[in-house]
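Chemist: Listed below, chain by chain, are the residues.
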Amino acid sequence: MQFRLEKRPKPSQAALYLAPALSVLLTMLVGALLFSALGYDGIGAVLEIFTRPITNPLKWQDLGVKAAPLIIIAVGLSIAYRANVWNIGAEGQYVAGALGGTAVVLLTMKMQGPWILPTMLVCGVLAGMALAAIPAFLKTRFEVNEILTTLMLNYAIVQLLYYLLRTSWKDPMAFGFPRTSLFTASQSLPYLWPGTILHWGVPIALTVAMIAFFVMGRSVFGFQVRVVGSAPNAARHGGFSANGTVWLVMLVSGGLAGLAGVLEAAGPFRQLVPAFPTGYGFTAIIVAFLGRLNPFGCVIAGLVLAISYVGGEVAQTTLGLPSAATGIFQGMLLFFLLAGDVFVRYRIRSTSARVAGGAT
Amino acid sequence: MTPEFLVAIVFAIVLVATPILLAGLGELVVEKAGVLNLGVEGMMLIGAVTGFAVTSLSGSPYLGVLAAAVAGALVSMIFAVLTLTLSANQVATGLALTIFGGGFSALAGKAFLGKTVVAFTQLFPTELATHPIWRVIFGYSPLVYFSLFMCAAIAWFLRRTRAGLILRAVGENDLSAHSIGYSVIGVRYMAVAFGGAMAGVAGSMFSLVLTPIWAEGLTAGRGWIALALVVFSAWKPFRLLLGAYIFGAVMTLEVHAKAAGGVFSALPSEFWAALPYLATIIVLVVISLRRSSSGAPACLGRPFIPPA
Chain A
403 MQFRLEKRPK
413 PSQAALYLAP
423 ALSVLLTMLV
433 GALLFSALGY
443 DGIGAVLEIF
453 TRPITNPLKW
463 QDLGVKAAPL
473 IIIAVGLSIA
483 YRANVWNIGA
493 EGQYVAGALG
503 GTAVVLLTMK
513 MQGPWILPTM
523 LVCGVLAGMA
533 LAAIPAFLKT
543 RFEVNEILTT
553 LMLNYAIVQL
563 LYYLLRTSWK
573 DPMAFGFPRT
583 SLFTASQSLP
593 YLWPGTILHW
603 GVPIALTVAM
613 IAFFVMGRSV
623 FGFQVRVVGS
633 APNAARHGGF
643 SANGTVWLVM
653 LVSGGLAGLA
663 GVLEAAGPFR
673 QLVPAFPTGY
683 GFTAIIVAFL
693 GRLNPFGCVI
703 AGLVLAISYV
713 GGEVAQTTLG
723 LPSAATGIFQ
733 GMLLFFLLAG
743 DVFVRYRIRS
753 TSARVAGGAT
Chain B
99 MTPEFLVAIV
109 FAIVLVATPI
119 LLAGLGELVV
129 EKAGVLNLGV
139 EGMMLIGAVT
149 GFAVTSLSGS
159 PYLGVLAAAV
169 AGALVSMIFA
179 VLTLTLSANQ
189 VATGLALTIF
199 GGGFSALAGK
209 AFLGKTVVAF
219 TQLFPTELAT
229 HPIWRVIFGY
239 SPLVYFSLFM
249 CAAIAWFLRR
259 TRAGLILRAV
269 GENDLSAHSI
279 GYSVIGVRYM
289 AVAFGGAMAG
299 VAGSMFSLVL
309 TPIWAEGLTA
319 GRGWIALALV
329 VFSAWKPFRL
339 LLGAYIFGAV
349 MTLEVHAKAA
359 GGVFSALPSE
369 FWAALPYLAT
379 IIVLVVISLR
389 RSSSGAPACL
399 GRPFIPPA
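These protein sequence lines are chains A and B, in that order. Take 403 as the starting number for the first sequence in my numbering and just add one per residue. Take 99 as the starting number for the second sequence in my numbering and just add one per residue.
Treat the hints with care, since some could be wrong.
What the hints assert, rightly or not - Reference excerpt, derived from the structure (chain B facing chain A, CB under 7 Å, subset only):
#	residue
1	Ala190
2	Ala204
3	Gly212
4	Thr214
5	Gln220
6	Ala377
7	Val384
8	Arg388
As the list claims (entries may be wrong) - Covered by chain A, according to a simulated footprint, are these stretches of chain B (three or more residues, beta-carbon under 8 Å):
#	stretch
9	180–187
10	228–237
11	317–330
The set of hints was computed from the structure by calculation and includes no laboratory data. Cβ coordinates follow ideal geometry from the N, Cα and C atoms, glycine included.
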């Protein structure tokens, strides 16, 4: 049967919120089939990955720790994507943030005091912003596509990390291993409660989401971002500068990715190692989309993706799945979500006279 | 520098350049049809694991490369259905394809970890390639000659054939192409499938020629370099060939920097590893400075919805 897409007069609110939920369900279903086809216990793998982190209270802390950086990065990215600025360099900006924070660490190794950690956080944010400023400058000054520049910088900054760890930042006591010294107590993120692994990054992530929610909904900046992204011509007539918006959203998204990076370095890692970049910056892109480019949506989506990470680790030990297999679920989740999104903006009409399945 | 060392360098450059040339040629055709598929890296990984698996099971690398092409084309159809039929965002869908391809190849390739296949190295008999000079011409894997052939074939197809003209029209002005009666979506489906097949073959070059083993993520971001290369080439096949060899030379420096001496060994190896990515950014700036025309197809990345 032939069909075509017809634009809805208004985006469907029902489809907007139904799409993520359906996507998660479909991902589990198709994931089970795919794993079975590859010779694994498909249903077992899906149950292990998606339910074990929820049913086992010991894993709840892990969820918080994994979700925090995803939420912080995704909130920044959703602001950029709202403005139609495609920053896919969050992974690099996250590494830059960790480098900025660690620079402070190495300068304050012999010092103590409550001022050190805040200084680290500020330097991490600034480093993330600095890396994001390069594509912002190239886009506004030379009209260079930001997708390619942000992406290329991801790879370049990781080489800088490797170089520093191999040379001047290497801990002389590390038996030649490329890693920094362990951070001291005043350089590390405190735990929320003794005996848990929950650190201050978790409440910071929730605060970031809350602030972003009000800024995007209630401020001129939020209005500007949305207008420039959805109606560039109207924005120009309204006096909003397109270049100014590019700068703002790149600095905000780069700064937040940098914050996530320095929090991760000062929290779970407490030192810099070559394995520091773990792909949070890429996964956060899925979180931003799954969260409907909405800060509160990002919190929920961040938890869902954290489940897939923690569950993936569980399945790695119990079922012997490779860690990269989580990527299958993450990729499929985004596939289903993007397919579902079509029904937010369009409805399906058959090209014959009858209307087919166009629920509003 | 001895002649042997120079030959070794040329040889290394050609081997490193060929996969990005293959993948870049595929993506060039896709983008000429007005579609931006950022999933090259994912399709390459799926091609790499499929090529390795089929070669390891059948013993024939030709069968392996063919299977890699088919696998690349098949997985690119996920992208095609989402972006062309359902007009989903091409940037996000391409990223999803890359993440998915990384995960899928890791899972499918787990059974083949640690195995080796006979490397798919020489097309011509070894007697032809004994002398260093002859080795530079006759000493490569069949995939190297295939990439050169495809470069010429695609240049000819785009400039001299009717089908090539239609493909370019679809990328430059989809609405006009549609109103004349060409199927914009149909042409784009074919272009995406071709791009997927070429990325699959490019991936198989990693697992069958460069290192005849399978390892997770062994394409190491080269799919992204291929994407940058297409922009670098201003969407021209022969300039893509030149670009691939320049990039190949830079990437070879990373490995041979120490042996080359002089300025090459003075700078850290990480600098040479980062150079292809930084060079791409510089090239993008240079292209935009010459403002005349970057050569980008006018409809690149825009979804096409047939008017009622």
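Chemist: Now tell me, hint by hint, if it's right for this structure.
Modeler: To see whether the hints hold, each was checked on the structure:
1. Ala190: holds, 6 Å
2. Ala204: For alanine 204(B), the interface hint holds, since the closest Cβ of chain A sits about 3 Å away, which is under 7 Å.
3. Gly212: violated, 13 Å
4. Thr214: Status violated, d = 19 Å.
5. Gln220: Not OK, violated: glutamine 220(B) not within 7 Å of chain A, min 32 Å.
6. Ala377: Interface hint status for alanine 377(B): violated (9 Å vs cutoff 7 Å).
7. Val384: violated, 9 Å
8. Arg388: violated, 11 Å
9. 180–187: n = 5 at 8 Å, threshold three: holds.
10. 228–237: violated (count 0)
11. 317–330: Three-residue rule met by the stretch 317–330 of chain B, so holds; n is 5.
Violated hints, listed in ascending order, are 3, 4, 5, 6, 7, 8, 10; each of the other numbered hints is respected by the structure.
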